[in-house]
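Enquirer: Working from the sequences, and respecting the hints, build out all of it.
Chains A and R supply the protein sequences, listed in that same order. One point on numbering: in our numbering, the residue at position 136 of the first sequence is 136, and numbering is uninterrupted. So our numbering is basically just the index in the second sequence, starting at one, shifted up by 147.
All the pointers check out, no bait thrown in.
Among the chain R residues that face chain A by a calculated CB cut under 10 angstroms, a handful are:
id	residue
1	Val176
2	Ala214
3	Arg216
4	Val218
5	Arg225
6	Met238
DSBU-like, lysine-lysine: derived pairs with alpha carbons at most 35 angstroms apart:
id	chain 1	residue 1	chain 2	residue 2
7	A	Lys24	R	Lys277
8	R	Lys177	R	Lys277
9	A	Lys24	R	Lys196
10	R	Lys277	R	Lys196
11	R	Lys177	A	Lys24
Stretch-level coverage of chain R by chain A, calculated; a stretch enters the list once three of its residues show a Cβ under 8 angstroms from a Cβ in chain A:
id	stretch
12	178-188
13	226-234
Simulated from the structure, these hints should not be mistaken for lab results. Just so it is clear, CB atoms sit at the ideal spot from N, CA and C, and this is done for glycine as well.
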Amino acid sequence: MAINRAFVGRVFPPSDPYEVSRVKIAEFAAAIGDPNPLYRDRAAAQAAGHADVIAPPTFPIVITMAGSGAALADPDLGLNYAMVVHGEQRFSYARPLTAGDVVTAQVTITDIRDAGRNVMLTTSTDLRTVDGELVCTAASTIVERGA
Amino acid sequence: MSDQISYDSVEMGAAIPVVSYPVTRLSLVKYCGASGDFNVIHWNERIAKSVGLPDVIAHGMFTMAQAGRFVTDWAGPRAVVTEFGVRFSSMVVVPDNDAGASIEVSGQVEEKLAGNQVSIALTARSADAKVLTRARAVVRLP
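Expert: What follows is the structure, encoded as structure tokens:
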């Protein structure tokens with residue numbers, strides 16, 4: 001099934017608010033095997049100039065993947081998830097994501113193009129606090145492998 | 148966690164020595180739970196092999212997280228990451244044994260930028276394959 005090119009430029013509604021918690025950050029840091037105190041110890045994070053513990057640089061994927069997963073599940077897009085692999089990931093940070101942040105993810109499909117037998121789909125996801133502060137933008141390229 | 152480095156002390160072209168990070172099946176199970184990415188190719192050998200993979204493979208984002216740890220450990224607690232990007236060029240294959248696999252990350256100071264920022268070019272390898280390309284982080288240093 002072909003991917004619907006008409007989705008390029010589509011901006012999806014923001015996700016429901018996601019509350020970044022100290023417990024989730026600590027769980028994520030443990031899962032990546034990173035003992036950094038900035039992810040667990042509030043005093044250490046504050047000594048480094050943060051309001052509370054901060055999240056590791058790749059933590060925003062937890063929030064953006066949920067947002068883009070919902071957007072890309074639109075049956076009219078025609079993406080075959082069984083054939084999808086992660087091609088590229090980029091983050092641009094205004095500041096570290098911090099425990100206590102309440103953020104929404106807003107996904108835009110920025111590009112769909114052929115690469116040989118594969119199709120590459122790129123999304124850009126803005127993470128903003130519910131007060132409208134842009135914290136992080138994540139650009140993700142996924143590759144649907146050709147059969 | 149490492150000592151703090153300063154912008155002034157960083158030299159362009161300086162090499163950041165390789166660090167090896169282990170990855171086992173348990174790492175992947177934990178990463179599935181923490182990230183919410185339960186794609187079966189990261190924990191089910193039978194299905195991974197049935198879709199043409201050599202074995203269970205690590206999440207690309209797990210590998211990227213190791214590269215992130217390499218950067219933040221080098222840069223120190225008062226550094227802040229402002230940009231981080233990678234391309235996933237090869238799989239990290241994780242066998243069902245006690246040793247698992249390893250990801251070797253190294254880096255080089257690529258450029259000193261305005262605003263006390265430094266860009267780091269990263270290399271990540273596993274089982275002799277280059278698993279990340281175009282991998283780069285920018286950190287703001289004190």
